[in-house]
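Engineer: Given these sequences and hints, build the entire structure.
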Amino acid sequence: MHGRVKVRTTEEERARKEKERQEKLKIYKHAMQQIFHKRKEGELDKNLLELTGKVLSSNPDIYTLWNIRREILIILKKADESEEEMSQLYDAELQLTEYCLKINPKSYCAWHQREWVLTTRANPNWEKELSLCNMYLKFDERNFHTWDYRRFVVSQCKPPLKDEFDFTTDKLMDNFSNYSAWHYRSKMLVELYPDVEGGRPIEDSHHKHELKMVQSAAFTDPDDTSAWFYQRWLLGAVKTNIEVAVYTVSPLKTTVAFSKPVNQTYVASKIRLFINNDLVNGEWQSCSGNQYDVLWIFKHNTDVTDSLDVKMEYDNENGDVQKIPGVKQNGNTYVGKGEIDFQRKYSKPVIEELINQLDSCRQLLAMEPDNKWTLLTTTVFLHCIDAKQYHKEIIENLHTLKTIDSWRAGYYDDLITKWSLEDQLAIDYKSDSIDFKIKFDDKITSLPHLQYYSHCENVDLSNQNLSSNVLASLELLQNCKKLSLANNQLTTLQRFPNLNLEELNLTGNNDLDQEELEVFKKNCNYSVIF
Amino acid sequence: MDDDLPTDFQVIVVGTGMVESIVAAACSRIGKNVLHLDSSDHYGGLWASYNFDGLQKFIKEVNSDPKRQLQVYNLAEKWYIEKESAQDEKKEEGGEEKPEEAKAEPAKKIWSQANFSAEYRKFNIDMTPKLLFSRGPLVELLISSNIARYAEFRCVTRVLTWLNDRLMPVPCSRADVFATEAVGIVEKRQLMKMLTSIVGYNEEEMNNEFKDWNDKTFKEYLAHKGLTPNLIHYVLYAIAGGTNNMPCLEGVKECKKFLMSLGRYGNTPFLWPMYGSGELPQCFCRLCAVFGGVYCLNRPIDKVQTKTVDEGKTVVTIDSKSKTLNCDHLVIGINECPKDLISPEPAESSDISKAVFITNGSIMKSDKEPLTLLRFPPQSDDDHAVTVLEVGPATGSCPKGLFVVYFITNKVKDAESDLMGIAEKIFDMSGGDQTAESEKPKCLWSLFYNVKDTSAAVASVADCVHVCSGPDAGLDFDRAVEQAEQIFKKICPGEEFLPRAPDPEEIVFEDDVTHGPEFQREHDDEAEGDAPKE
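The listed protein sequences derive, respectively, from chains A and F. With the UniProt record's numbering applied, the first sequence corresponds to residues 1 to 530, in that order. With the UniProt record's numbering applied, the second sequence corresponds to residues 1 to 534, in that order.
Hints were generated in silico from the structure; no laboratory data involved. Because the structure is a prediction, the values reported are computed rather than measured. One or more of the hints may lead you astray.
As the list claims (entries may be wrong) - Computed list of lysine to aspartate or glutamate pairs in DMTMM-like fashion (alpha-carbon distance at most 25 Å, straight line):
1. Lys299/A <-> Glu475/A
2. Lys38/A <-> Glu50/A
3. Lys193/F <-> Asp370/A
4. Lys193/F <-> Asp224/A
Structural biologist: Shown next as structure tokens:
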């Protein structure tokens, strides 16, 4: 009949495709055989370049072949190929990678090969690379390979950072669901707009602008987590100093706890211990044995006796010398406490913006009280603005979050633990007590900030929700004598640290293995109650 | 030449409007023997696009032919610029006196009527400008039938509305909502929440959620949901394209249609055909021709009769240019259709008011050349909304420096009174100095006209005669596609509607397949050829 077109049936089509595939496979196998044979014979020449190039153009991810090509190029360069010749070879290499990246824009080895060529050859054309990045990011704005490569190119050719910053703005306006772009933006932000005067990471007006931008994204699509991550980063971009939390000088041991992990050089150069106005010499060892630690042990030979004048000097980050006197406790132990303040310190304009955003959140919350993201953000804002004043509301919110977002109940429990402890610490640090007991109703699930209690001799962690995962961190209780972990959820004592205790209470941990307990008890030189 | 034309066909299609062309393509595609005629010398009928010359000819023809004024009437063409350009004259006089000045500041071109005539081929002005929803039935049909390869599209770049006496971009996509500064942060959440909930409803949930809203308006629903007046404006007028009286469920459905088409091609849900909507009927005609359909333009028909032959079979005979053509099925555009074939007379319906403007700039400045849909909300409660489409040179609609703007609304009085008020809001209609800096673009030329609304489905007197509707006032082609499919199903029951046409590389060229090479030749022929002759 007229006008009828004959089309291959699916069966014919399949047979044809299969035949093609077999044909390709044959060619591929042959080529690979040839390549490995040549390499074995040491024939690293242009012919091998050609052979590997052919295979790579259809299989860009065979990194062995890229390695062989680098070998060849290095040999050719050593073998006195002319500048011009080498330049052509490098150009060809770039062309090959570009071709391969068109087939697979996420080919690790092709991007790597490109990076290698550009760092190896003379006079690389970085501008061209930057426009290549632009092109690939136009095709796929979320390809982290390209973002990664872009950072490499930018580190080499150093274009104006403002251009890069604006580039992230463009990309985010197209699609803000882009971790790479937000991340790159954060890097640009602290480079471009640091707060020189106030010493904060980001200058006020930009900090404010970013907060607004990210709020807009978060409210447009709360289920997209990329914006929340950036918001958390922005909220965390505050100046935090390394502070001395507490030090303890006892006849047995001298320890110093810091707010953040520090290394030995830092401790040795910033901390001076005086006993009766004599500088004590000794050696610093980290509590955990790691290079950086929040708790440092000072090994010295000075006897710690009654009626001493104990004093610590700390060259703090503001350039001041902070003098912390030691207060005598029972049994010739001297404890000195630094000032603690967990409140994040924002500039006034940023605080105003946060208050503003808190207000929007509250409005929304009135409309949709069960929206997890709105409630969580409200809570985070409250904590950032004034953790102490809003403490009760914050904890209430976290309890609500546990029910409306039950999949993340553990996360909220940890937040309750952390923020309640911060609240309690402020009170505890006002007294000279060397006892530590949880004074709020919620059961703790983790042991954050434990170094702040490193001076305590009686630590009561009974009736909490602690699991065996937290045992290792008990190492920070270097001066503890009586420790109670009664009525928790411990299942094993495998990671229980080596402590100089007098008494350990493990009663009420019903999942603990009796046999393990017996062995544990045998190895301890203190009394274990269970 | 007439003598070459065979006389017996399975299907004869008269008129090359959108519906007729789709039916012709569908019949030809499954092997029906199709003849496609049009009384005029171009494709598309009332769906056509004209270059500036063609448009002038069209205006002249209509104005001089009372019969054609049954379809198109109240044509009012007006120039706002000089016949000859003073600039050109100056150039001739002044010679090369001021070349530096000209270089220093590429002043806005001063257009004259003569310029328009000189560049007439660069215009493609639509009689029935329409958009395609990116996930609407026409786009899906173009893809599934592989007819998309004959067409090119551009994405509509923005949706505007008229709010607080000025043009405002409508945040319709996620990226827009994120970027806009026109709505507050709480509003952003509200808007996104409303839009996502509408997208999420399936048929059942929709009926459930809205069971108590049957007799209420969409506006009431939006207000009930706590949306601010600004947001109600965006959702009701710009996204749903509605009026204050729009029933709730209809509003929800329109919104859903809009939203479902987001994110497929561009930042808005719409596509615009390159070189105008008039291209689309031609794409279907081409497929029809590729599969052997015979084309004759400039071929009016004189008389149509139905005859019952042996075995109770009915045939249609058509007299055309002293030749009698026979077919089993006649598909005929309503405007070509003899009155006696229509039964009963279509009910009175509201006609359409339309206008075309050519301006020297976009209605709202933009970095890149914009392609705009503006839905102008009704100015009063019983007023109609006006659809405004602005297309620029990148769409192949006009020369560089100009924009073509279409207005479409339901007729109240006549096109000029219905639309002039809005034109004055967004254009400078005063003529005068084209180089003057102003907020609004200058209108250089305008055409107002009314079209009889022939979009209602029409029954015919005989089962073998199928009458195709004319263009409606709607934004998209959806009704045309739907109707074409219905007609096809009647002619060819049980057959697939426009199955995918093979690509050239899928076609087997063997010596024993005689028609292969001919297909190849026809396919490569890019020109909008008249008729493939067998």
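Engineer: Each hint should be assessed against the structure and marked as holding or not.
Structural biologist: Quick rundown of the hints versus the structure:
1. Between Lys299/A and Glu475/A the alpha-carbon distance is near 17 Å, which keeps this suggested pair within the 25 Å criterion.
2. For the hint linking Lys38/A to Glu50/A, the alpha-carbon distance of about 12 Å falls within 25 Å, and the restraint holds.
3. Straight-line distance between C-alpha atoms of Lys193/F and Asp370/A comes to about 14 Å, which keeps the hinted pair within the 25 Å bound.
4. Taken as a hint, the Lys193/F and Asp224/A pair is honoured in the structure, with Cα atoms around 14 Å apart against an allowance of 25 Å.
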